[in-house]
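Read top to bottom, the protein sequences are chains A and B.
Position one of the first sequence corresponds to residue 1 (this note's numbering), numbered consecutively onward.
Position one of the second sequence corresponds to residue 1 (this note's numbering), numbered consecutively onward.
Honestly, the hints are just simulated from the structure, not real lab data.
Yeah, the Cβ is synthetic: ideal placement off N, Cα and C, and Gly gets one too.
Warning: the hint list may mix true and false statements.
No more than 27 Å apart at the CA atoms, straight line, and that leaves these computed lysine-lysine pairs for DSSO-like [claimed, not checked]:
no.: 1; chain 1: B; residue 1: Lys85; chain 2: B; residue 2: Lys123
no.: 2; chain 1: B; residue 1: Lys167; chain 2: B; residue 2: Lys7
no.: 3; chain 1: A; residue 1: Lys5; chain 2: B; residue 2: Lys145
no.: 4; chain 1: B; residue 1: Lys9; chain 2: B; residue 2: Lys36
no.: 5; chain 1: B; residue 1: Lys147; chain 2: A; residue 2: Lys11
no.: 6; chain 1: B; residue 1: Lys123; chain 2: B; residue 2: Lys7
no.: 7; chain 1: B; residue 1: Lys167; chain 2: B; residue 2: Lys147
no.: 8; chain 1: B; residue 1: Lys36; chain 2: B; residue 2: Lys62
no.: 9; chain 1: A; residue 1: Lys9; chain 2: B; residue 2: Lys147
no.: 10; chain 1: B; residue 1: Lys167; chain 2: A; residue 2: Lys9
no.: 11; chain 1: B; residue 1: Lys140; chain 2: B; residue 2: Lys167
no.: 12; chain 1: B; residue 1: Lys7; chain 2: B; residue 2: Lys36
no.: 13; chain 1: B; residue 1: Lys36; chain 2: B; residue 2: Lys85
no.: 14; chain 1: A; residue 1: Lys9; chain 2: B; residue 2: Lys140
no.: 15; chain 1: B; residue 1: Lys85; chain 2: B; residue 2: Lys9
no.: 16; chain 1: B; residue 1: Lys123; chain 2: B; residue 2: Lys140
no.: 17; chain 1: A; residue 1: Lys11; chain 2: B; residue 2: Lys145
no.: 18; chain 1: B; residue 1: Lys147; chain 2: B; residue 2: Lys123
no.: 19; chain 1: B; residue 1: Lys36; chain 2: B; residue 2: Lys123
no.: 20; chain 1: B; residue 1: Lys147; chain 2: A; residue 2: Lys5
Pairwise CB distance ranges (calculated) [what the hints assert, rightly or not]:
no.: 21; chain 1: A; residue 1: Gly30; chain 2: B; residue 2: Arg31; range: 34 to 44 Å
no.: 22; chain 1: A; residue 1: Gln43; chain 2: B; residue 2: Asp91; range: 19 to 29 Å
no.: 23; chain 1: B; residue 1: Thr146; chain 2: A; residue 2: Pro54; range: 25 to 35 Å
no.: 24; chain 1: B; residue 1: Gln95; chain 2: A; residue 2: Pro54; range: 28 to 38 Å
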Amino acid sequence: MGVLKINGKEKTFLDNKMPVTLMDLLTILGVDSATVVAELDGQIVERANFTTTPLRDGQSIELVRFVPGG
Amino acid sequence: MASFAEKLKCSVVGIAGLGGLGSNVAIALARAGVGKLIIADFDNVEQSNLNRQQYFTDQIGKPKVDCMIDNLQRINSRIDVAGHKVTLAPDNIPQIFRDADVIAECFDTAQAKQMIVETVLTKMSGVKIVSVSGLAGYGKSNEIKTKRVSPRLVLVGDGLTAIDNCKILTAARVGIAAMHQANAVIELLIDEIQP
Chain A
1 MGVLKINGKE KTFLDNKMPV TLMDLLTILG VDSATVVAEL DGQIVERANF TTTPLRDGQS
61 IELVRFVPGG
Chain B
1 MASFAEKLKC SVVGIAGLGG LGSNVAIALA RAGVGKLIIA DFDNVEQSNL NRQQYFTDQI
61 GKPKVDCMID NLQRINSRID VAGHKVTLAP DNIPQIFRDA DVIAECFDTA QAKQMIVETV
121 LTKMSGVKIV SVSGLAGYGK SNEIKTKRVS PRLVLVGDGL TAIDNCKILT AARVGIAAMH
181 QANAVIELLI DEIQP
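Here chain A stands alone, though its shape is the one from the complex (with noise of 0.2 Å):
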């Protein structure tokens, strides 16, 4: 079991279900990674990075989604 802490809220993975990698995340929540700026405990990640960054339990992670218009 894992437990990630997403937009200040904790989410309990079971241990086959944990995503890997933040990319992982992303899919399992169904977020679109090109309108998403991410924060691994307080350091941003760069998108070109999603698919490389490991996530490891107790984590937090803040997602910034952005919707069209202006």
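With chain A held as given, fit chain B onto it using these hints.
Chain B only, in chain A's frame:
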């Protein structure tokens, strides 16, 4: 200790995009007395912009950057405005906005919003950005919020209402978001930027 007016006069704000958000933010900051604006947009004024953007019928077909410089100088003849008719991208944003204390993200597509926020946070240390997500539609004024996401990022909007699912942008609701954005920029300049 510098006064409110002195601090704003010494401040430099970048405005990325001059549509419904950017044209309103630029005018609010010029009226407030911000000393220098760096404005950038690749587009020309179109008839369809006039339902919410701060241009005039005799400006249709002209570059938004040129029109906004004219409009700002009619409001505040002492303001210093640097205009860039350009498509903003990760390779030119740090250069164009290098003197900015705060940048207002005023784009329309979600991908462009993502691009500039990521660029500013990763390549422009010390610069703060105020971004907007979720301002389409009408009514629901109080669902538009200003939220401090992290030390250098402020996010305005309802987070939900996209132009592609509701098809409506109004001067009123875009204007509410733009004034949240301008007000957040002023708050950062006064409370957090050292003159």
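Status of the hints after comparison with the structure:
1. Lys85(B) with Lys123(B): Distance ~22 Å between Lys85(B) and Lys123(B) Cα, so the pair holds.
2. Lys167(B) with Lys7(B): violated, 40 Å
3. Lys5(A) with Lys145(B): It holds: about 22 Å lies between the C-alpha atoms, which stays within 27 Å.
4. Lys9(B) with Lys36(B): holds, 8 Å
5. Lys147(B) with Lys11(A): It holds: about 22 Å lies between the C-alpha atoms, which stays within 27 Å.
6. Lys123(B) with Lys7(B): holds, 25 Å
7. Lys167(B) with Lys147(B): holds, 25 Å
8. Lys36(B) with Lys62(B): holds, 23 Å
9. Lys9(A) with Lys147(B): holds, 16 Å
10. Lys167(B) with Lys9(A): violated, 32 Å
11. Lys140(B) with Lys167(B): holds, 16 Å
12. Lys7(B) with Lys36(B): Roughly 12 Å between the alpha carbons, so the hint for Lys7(B) and Lys36(B) holds.
13. Lys36(B) with Lys85(B): The given pair, whose Cα atoms are some 17 Å apart, holds under the 27 Å limit.
14. Lys9(A) with Lys140(B): holds, 25 Å
15. Lys85(B) with Lys9(B): holds, 25 Å
16. Lys123(B) with Lys140(B): violated, 36 Å
17. Lys11(A) with Lys145(B): holds, 25 Å
18. Lys147(B) with Lys123(B): holds, 22 Å
19. Lys36(B) with Lys123(B): holds, 22 Å
20. Lys147(B) with Lys5(A): Holds, at roughly 18 Å.
21. Gly30(A) with Arg31(B): 34 to 44 Å: Holds, at about 42 Å.
22. Gln43(A) with Asp91(B): 19 to 29 Å: Given a distance of about 23 Å, which is inside 19 to 29 Å, the answer is holds.
23. Thr146(B) with Pro54(A): 25 to 35 Å: holds, 33 Å
24. Gln95(B) with Pro54(A): 28 to 38 Å: The hinted range 28 to 38 Å holds for Gln95(B) and Pro54(A), with Cβ atoms some 33 Å apart.
Violated hints, listed in ascending order, are 2, 10 and 16; each of the other numbered hints is respected by the structure.
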